[in-house]
Amino acid sequence: MKIIGIADTTFSRYDMAKAAIDELKKNATGIRIERYTVPGIKDLPVAAKKLIEEKNCDIVMTLGMPGKMPIDKQCAHEASLGLIAVQILTNRHIIEVFVHEDEAKDEKELAWLAERRTREHALNVINLLFHPEKLQRQAGTGQRQGFEDAGPL
Amino acid sequence: MKIIGIADTTFSRYDMAKAAIDELKKNATGIRIERYTVPGIKDLPVAAKKLIEEKNCDIVMTLGMPGKMPIDKQCAHEASLGLIAVQILTNRHIIEVFVHEDEAKDEKELAWLAERRTREHALNVINLLFHPEKLQRQAGTGQRQGFEDAGPL
Amino acid sequence: MKIIGIADTTFSRYDMAKAAIDELKKNATGIRIERYTVPGIKDLPVAAKKLIEEKNCDIVMTLGMPGKMPIDKQCAHEASLGLIAVQILTNRHIIEVFVHEDEAKDEKELAWLAERRTREHALNVINLLFHPEKLQRQAGTGQRQGFEDAGPL
Amino acid sequence: MKIIGIADTTFSRYDMAKAAIDELKKNATGIRIERYTVPGIKDLPVAAKKLIEEKNCDIVMTLGMPGKMPIDKQCAHEASLGLIAVQILTNRHIIEVFVHEDEAKDEKELAWLAERRTREHALNVINLLFHPEKLQRQAGTGQRQGFEDAGPL
Amino acid sequence: MKIIGIADTTFSRYDMAKAAIDELKKNATGIRIERYTVPGIKDLPVAAKKLIEEKNCDIVMTLGMPGKMPIDKQCAHEASLGLIAVQILTNRHIIEVFVHEDEAKDEKELAWLAERRTREHALNVINLLFHPEKLQRQAGTGQRQGFEDAGPL
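Residue numbers (numbering that gives the first Met the number 0), protein chains in the order written: chain A, 0 to 152; chain B, 0 to 152; chain C, 0 to 152; chain D, 0 to 152; chain E, 0 to 152.
Please keep in mind that the hints were generated in silico from the structure rather than gathered at the bench.
The structure displayed is predicted, hence computed values, not measured ones.
The reader is advised that the hints may include incorrect statements.
Because identical chains cannot be distinguished in the list, a pair is counted as satisfied if it fits within a single copy or across any two copies.
[What the hints assert, rightly or not] Listed below are the simulated DSSO-like cross-link pairs for lysine-lysine, each with C-alpha atoms no more than 27 angstroms apart in a straight line:
{"#": "1", "residue 1": "25", "residue 2": "54"}
{"#": "2", "residue 1": "1", "residue 2": "54"}
{"#": "3", "residue 1": "54", "residue 2": "24"}
{"#": "4", "residue 1": "107", "residue 2": "1"}
{"#": "5", "residue 1": "17", "residue 2": "107"}
{"#": "6", "residue 1": "17", "residue 2": "72"}
{"#": "7", "residue 1": "54", "residue 2": "107"}
{"#": "8", "residue 1": "107", "residue 2": "25"}
{"#": "9", "residue 1": "67", "residue 2": "17"}
{"#": "10", "residue 1": "17", "residue 2": "104"}
{"#": "11", "residue 1": "1", "residue 2": "104"}
{"#": "12", "residue 1": "54", "residue 2": "17"}
{"#": "13", "residue 1": "1", "residue 2": "24"}
{"#": "14", "residue 1": "104", "residue 2": "67"}
{"#": "15", "residue 1": "67", "residue 2": "107"}
{"#": "16", "residue 1": "25", "residue 2": "1"}
{"#": "17", "residue 1": "1", "residue 2": "17"}
{"#": "18", "residue 1": "133", "residue 2": "24"}
{"#": "19", "residue 1": "133", "residue 2": "104"}
{"#": "20", "residue 1": "24", "residue 2": "107"}
{"#": "21", "residue 1": "104", "residue 2": "72"}
The task is simple: from the sequences and hints, build the whole structure.
Listed below in structure tokens is the structure:
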């Protein structure tokens, strides 16, 4: 039994956790999900650490949707640094799924992107836990989560 | 009994701690508040750490009002990184309530924003402590503290 | 007896330590001062850590005067992050007194600013050590060190 | 027997690990390679830490290909900081081989650059492990990995 | 007997270590030098940590010559943050001697600057180890390493 933590935010404008949980359950057995919702992305690093240390999660997905203002970009940067620090301190992977509001041309595409990136990263989570050899076969092939793959050179 | 730390600054131009304490007391019982005032926002990370480790706070609110100059933005960035580090080291949440002077069009709106953002984040603190299920119900709904919610996509 | 560390630099163009020591001695009894001079501001974080851990300082003032070039700004940023890290690791306050060369319109004002900001922060040090209630009374009142206070909204 | 970890990504558009492994095997005996593929460069710091602590790697190469958008640059910066942190915590070298998509004028040159930079850094890895005196002889000579050496002044 | 670590790079275009060693030996007795050459400046933090913890160095000089591209500036920033972290973790000074390629008007001046800055910082190393009172006498006097001193205000 592997425990997968999902940390998400009330700031986000799309229920990425729902997509993550659905995709995880469709593609893996022998998993249990621990969900933890916090206000914003800067609350995600400690949420992930608590999921790992207090809920024994083997891996964590952190789901966030930074706004388009410079301050939002800075918050995302700070959150990312914190998430890397938590991984280093715990030796556990945290898959950061951030969808920036200015990545999409309108709200409809933004929702589509949030759904799809989350689902594709859920598969990465499963592969990291159960099928590392699948990731190795994809090494250097220009995978992207959300928009189209860049593909190999 | 939960202990809530409140760290604020003499640099700030609005008494955000007063708003925080009032809102916390109105909306929760079984709490005790520990307040700690420091000169500026870069003093907040160690203040929060001391509140957690020396005053046994279960959670901390840090209240600050960065100025509008580039150096102020950089100080806020440094403080934020420190606050994330403290959370990671202690496994406790620190809710950062920063109101940037250039977020508002005039001093009146700035005071309004400081008051309102502080009060809305005080509710986040209570939910993190006592009602995590309320936060989960708000996941992905575009909550904002201060100005109007962005709402779900 | 409280021990106050003062770390300063040979890079700085004004003897801020002299001002700090004078102000501290005028306004507090029962203190001892440990001074440590290093080449530049990036040497201050370890100097502060050594003052705390090897000289048992209860609090440290770090005095620096970053130049006006982009590289100087970056050095100040790096030093500030280091100083925050030291505080987090030691649970001791470090009051950073940095005077940027481009904050003043000429050398005369720069000297005045360095002197005054140092002295005002020396009072913050004393208040943090002996009179935390004085800082609390100033919370949210827009205090500034050096130039005129911004005042409350 | 020295163990060399190789962490690479599915995001990358070129199989840099293949080049690394080939070059390492051609130039050293008494080595064993542990490979670990993760989704993106921000997953590399914890991958490297796990290779060092869970797979006993003596040194790690991390291979990545950041995109050309500002967010990609920021991810690379965050990954680099994480990789430095892992090195500091483990006292092991991690040779970061990042090839930025905008370093090359077209896809063909980008592939050439990825291949060549990886191979040249593989030699650095061997020298760090087995021939530190060779690196010392090259000190101050303007070595570059990929494009032409800058040479000594 | 004090042990001085010198970490330098093959990326650098000038043999700064030779200048450092010559200046150290001319100005101090009772020292031993440990040299460690790595590929680039981002390899310096762990090199310095290893010199301190594995070679028992009392202090370390790190010598580097960042290029003039934005990516080079970012690497220098990352290296500097790592060097500060190592100092904080070990309570040992690391004197960072970085000469940016765009600081000089041509290659001849760049070589002169690298030589001179290294030598002047070698004296700082000696003073930190043996003559802290000399640094204190220079406090606030606007010392610079390489180009002309700024002097006191």
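Structure-based check of each hint:
no. : hint      : result
1   : 25 - 54   : within (23 angstroms within a copy, 31 angstroms between copies)
2   : 1 - 54    : both (11 angstroms within a copy, 21 angstroms between copies)
3   : 54 - 24   : within (19 angstroms within a copy, 30 angstroms between copies)
4   : 107 - 1   : neither (34 angstroms within a copy, 42 angstroms between copies)
5   : 17 - 107  : within (17 angstroms within a copy, 40 angstroms between copies)
6   : 17 - 72   : within (25 angstroms within a copy, 30 angstroms between copies)
7   : 54 - 107  : neither (35 angstroms within a copy, 45 angstroms between copies)
8   : 107 - 25  : within (25 angstroms within a copy, 39 angstroms between copies)
9   : 67 - 17   : within (23 angstroms within a copy, 31 angstroms between copies)
10  : 17 - 104  : within (23 angstroms within a copy, 38 angstroms between copies)
11  : 1 - 104   : neither (37 angstroms within a copy, 45 angstroms between copies)
12  : 54 - 17   : within (20 angstroms within a copy, 35 angstroms between copies)
13  : 1 - 24    : within (12 angstroms within a copy, 36 angstroms between copies)
14  : 104 - 67  : both (12 angstroms within a copy, 19 angstroms between copies)
15  : 67 - 107  : both (16 angstroms within a copy, 25 angstroms between copies)
16  : 25 - 1    : within (15 angstroms within a copy, 40 angstroms between copies)
17  : 1 - 17    : within (19 angstroms within a copy, 31 angstroms between copies)
18  : 133 - 24  : both (19 angstroms within a copy, 24 angstroms between copies)
19  : 133 - 104 : neither (33 angstroms within a copy, 32 angstroms between copies)
20  : 24 - 107  : within (25 angstroms within a copy, 41 angstroms between copies)
21  : 104 - 72  : both (18 angstroms within a copy, 22 angstroms between copies)
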